[in-house]
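Trainee: So the chains spell out like this:
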Amino acid sequence: MSAGTYTPRPGAAPLPRMIAAQTALETRMLLRNGEQLLLTVIIPTLLLVLFSAVDIVDTGSGASVDFLAPGILALAVMSTAFTGQAIATGFERRYGVLKRLAASPLPRWALMTAKTLSVLVTEVLQIVLLTAIALALGWSPEGNPLSVLLLLVLGTAAFSGLGLLMAGTLKAEATLAAANLVFLLLLVGGGVIVPLDKFPDAAQSVLGLLPVSALSEGLRDVLQHGASMPWAEAGILAVWAVLGLGAAAKFFRWE
Amino acid sequence: MENEPVVQVKGLVKRYGTKTAVNGLDLVVATGAVTAVLGPNGAGKTTTIETCEGYRRPDAGTVRVLGLDPVADAERLRPRVGVMLQSGGVYSGARADEMLRHMAKLHAHPLDVDALIERLGLADCGRTTYRRLSGGQQQRLSLAMAVVGRPELVFLDEPTAGLDPQARRSTWDLVRELRADGVSVVLTTHFMDEAEALADDVAIIDAGRVIARGSPEQLCRGGAENTLRFTGRPGLDLGSLVKALPDGSGAAEPLPGTYRITGSVDPQLLATVTSWCAQHDVMPEGISVERHTLEDVFLELTGKELRA
Ligand SMILES: Nc1ncnc2c1ncn2[C@@H]1O[C@H](COP(=O)(O)OP(=O)(O)OP(=O)(O)O)[C@@H](O)[C@H]1O
Ligand SMILES: [Mg+2]
Chain A
0 MSAGTYTPRP GAAPLPRMIA AQTALETRML LRNGEQLLLT VIIPTLLLVL
50 FSAVDIVDTG SGASVDFLAP GILALAVMST AFTGQAIATG FERRYGVLKR
100 LAASPLPRWA LMTAKTLSVL VTEVLQIVLL TAIALALGWS PEGNPLSVLL
150 LLVLGTAAFS GLGLLMAGTL KAEATLAAAN LVFLLLLVGG GVIVPLDKFP
200 DAAQSVLGLL PVSALSEGLR DVLQHGASMP WAEAGILAVW AVLGLGAAAK
250 FFRWE
Chain B
0 MENEPVVQVK GLVKRYGTKT AVNGLDLVVA TGAVTAVLGP NGAGKTTTIE
50 TCEGYRRPDA GTVRVLGLDP VADAERLRPR VGVMLQSGGV YSGARADEML
100 RHMAKLHAHP LDVDALIERL GLADCGRTTY RRLSGGQQQR LSLAMAVVGR
150 PELVFLDEPT AGLDPQARRS TWDLVRELRA DGVSVVLTTH FMDEAEALAD
200 DVAIIDAGRV IARGSPEQLC RGGAENTLRF TGRPGLDLGS LVKALPDGSG
250 AAEPLPGTYR ITGSVDPQLL ATVTSWCAQH DVMPEGISVE RHTLEDVFLE
300 LTGKELRA
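Chains A and B supply the protein sequences, listed in that same order.
Numbering follows numbering that gives the first Met the number 0, in which position 49 of the first sequence is assigned residue number 48; successive positions increment by one, without gaps.
Numbering follows numbering that gives the first Met the number 0, in which position 82 of the second sequence is assigned residue number 81; successive positions increment by one, without gaps.
Isolated chain A (complex conformation):
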């Protein structure tokens, strides 16, 4: 390189360009990671296909795919916004990526915006794929798409807050273990594939307050039963979102 190559010419790129670049990078990192794909694509797909085809769990009246598809969509949101984001962000923190980016022209809020956009992009890909599979399995969704959208957004906010809280406070290994464990527990106990009314009454009322139960039950109300807007479930998700995002904002450690 010739003389003058390094002559200072500092400057931040325009914000939209920075956010777009960061979103693209975060999404690529996510899609390149085998374990993340297992969690976000393969497990939801397998569960949907397996449990629709084989009547392992009694899903009540009607085609089992009509019960399962909303639960699997809720699971997909949880896998990306909570589990995947928690693990990825935990390791980024551990390996100094967040620290290094903090010294770049990208503001912190722009980094968080990019992370959210990357989660949303991934969710869109998941939903397109899972919807296509569910439709092929004979799913006949009902209800108002806008209600579905609102529930998905609230669910994403709730899970992101909890995922970031975990990633920003625990050690990366602890986040990895805890995020996977929570994923598994919520998969079983959160009304995703096992209807909540299979649990004892006392347990039901508690489990119903979990974010994944609120999301899967809410989506089911709309998509399976044609309800216009399940406000109770939306309210539960909103409370989780406020608590989770608030705590994450307060306790998140960048290093």
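These are computed hints drawn from the structure, not numbers from a lab.
All residues carry an ideal CB built from backbone N, CA and C; glycine is no exception.
Heads up, some of the hints might be wrong.
What the hints assert, rightly or not - Derived PhoX-like pairs: lysine-lysine, alpha-carbon spacing no greater than 25 Å straight-line:
| no. | chain 1 | residue 1 | chain 2 | residue 2 |
| --- | --- | --- | --- | --- |
| 1 | B | Lys-18 | A | Lys-98 |
| 2 | B | Lys-104 | A | Lys-98 |
| 3 | A | Lys-249 | A | Lys-170 |
| 4 | A | Lys-249 | A | Lys-98 |
| 5 | A | Lys-98 | A | Lys-170 |
| 6 | A | Lys-170 | B | Lys-18 |
What the hints assert, rightly or not - Quick look at which bits of chain B chain A covers, simulated, 3 or more residues with Cβ under 8 Å:
| no. | region |
| --- | --- |
| 7 | 48-59 |
| 8 | 65-78 |
| 9 | 90-97 |
| 10 | 100-110 |
| 11 | 149-160 |
| 12 | 173-180 |
With chain A fixed as given, assemble chain B with the ligands onto it according to the hints.
Mentor: Quick look at chain B with the ligands alone, frame taken from chain A:
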């Protein structure tokens, strides 16, 4: 304002819990210069640099970088300052060129990424992701990320740790090119030859304070005096030699037939000694000048025992 220092640290104190990592440190970095910060492990080099980078808030003292407060004015400073962390900083699943291109996209007028990849020998990293790159490749990527945004000032925390000799020389050349193009450089290192080769200014810090500073030449001169040694016939009368030498020099015969001349050893002094030998019919065998290196000065100042 050309001569205003790029970095000005006054009375910096930084504690981690009860441990005081930096304890009243003063540092001035001249614009356009290469400044090397030396010091034993745990001396507080990284803490000082990271405070200048805005990562830590001083517990006492003031820090100004390009005339601004690194914490309060972080947003304005970040595009102007390049940072190479002592370790890490890259997505473990990212490829070298991918990460560098990304950093370039965050800046308005970045360097040509392909040329920089070529320049730092990162081309053969190919499609390998960061976690599988060799330590030296990771180090060079981190260096590239510090300069790609065309900063006015770069902080390099141990830029040549773990590099092979070729890569180290190539990093030195890069630092020289940065300096030649008007970039101010602050680097930390454990290699004294590196500081001697690159730095206009050296600050030696120990236990969180600057214990010596100056150009490498000043430090080497200021430390212990240089020594000239030779062997010859035992029992020479050194009195006439001392008279011939400049003031402040000394001559001794620590072992019979072994002579040691101390003082500011320069060609003139060497000539004086050899002509004195000629006059006295002495063949000065094994005559040698021991130049004090920065390493001698460093060890003298910081002691020879290992640090925690
Ligand atoms: N985050 C931290 N928490 C607690 N103590 C810390 C932290 N960072 C550094 N220290 C301590 O502060 C002291 C100074 O550390 P620092 O990293 O600044 O040293 P250094 O001069 O860069 O050393 P090295 O040459 O080994 O890189 C050390 O005793 C270290 O253990
Ligand atoms: Mg250090």
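Trainee: Look at each hint and say if it fits the structure.
Mentor: Here is what the structure says about each hint:
1. Pair hint Lys-18/B plus Lys-98/A holds up; C-alpha atoms about 22 Å apart against a cutoff of 25 Å.
2. For the given pair, Lys-104/B sits about 18 Å from Lys-98/A by alpha-carbon distance, which is consistent with the 25 Å threshold.
3. Between Lys-249/A and Lys-170/A, the direct Cα distance comes to roughly 17 Å. Compliance with the 25 Å bound is thereby established for this hinted pair.
4. At roughly 17 Å between alpha-carbon atoms, Lys-249/A and Lys-98/A fall within 25 Å of each other, so this suggested pair holds.
5. Taken as a hint, the Lys-98/A and Lys-170/A pair is honoured in the structure, with Cα atoms around 15 Å apart against an allowance of 25 Å.
6. Our distance criterion of 25 Å between C-alpha atoms is met by Lys-170/A and Lys-18/B, whose separation comes to about 23 Å.
7. Counting residues of the region 48-59 of chain B whose C-beta sits closer than 8 Å to any C-beta of chain A gives 3, which meets the bar of three, so the coverage hint holds.
8. Here the region 65-78 of chain B counts 3 residues with a CB under 8 Å from a CB of chain A, which clears the bar of 3, and the coverage holds.
9. Beta-carbon proximity to chain A at under 8 Å applies to 5 residues in the region 90-97 of chain B; the threshold of 3 is reached and the given coverage holds.
10. Coverage of the region 100-110 of chain B by chain A holds [criterion: at least 3 residues with CB-CB distance below 8 Å; count 8].
11. Note: the region 149-160 of chain B has 3 residues with beta-carbon separation from chain A under 8 Å; the three-residue rule is met and the coverage holds.
12. Restraint check on the region 173-180 of chain B versus chain A: 4 residues with Cβ-Cβ distances below 8 Å, three needed, restraint holds.
Violation of the numbered hints given earlier is absent; every hint is satisfied by the structure.
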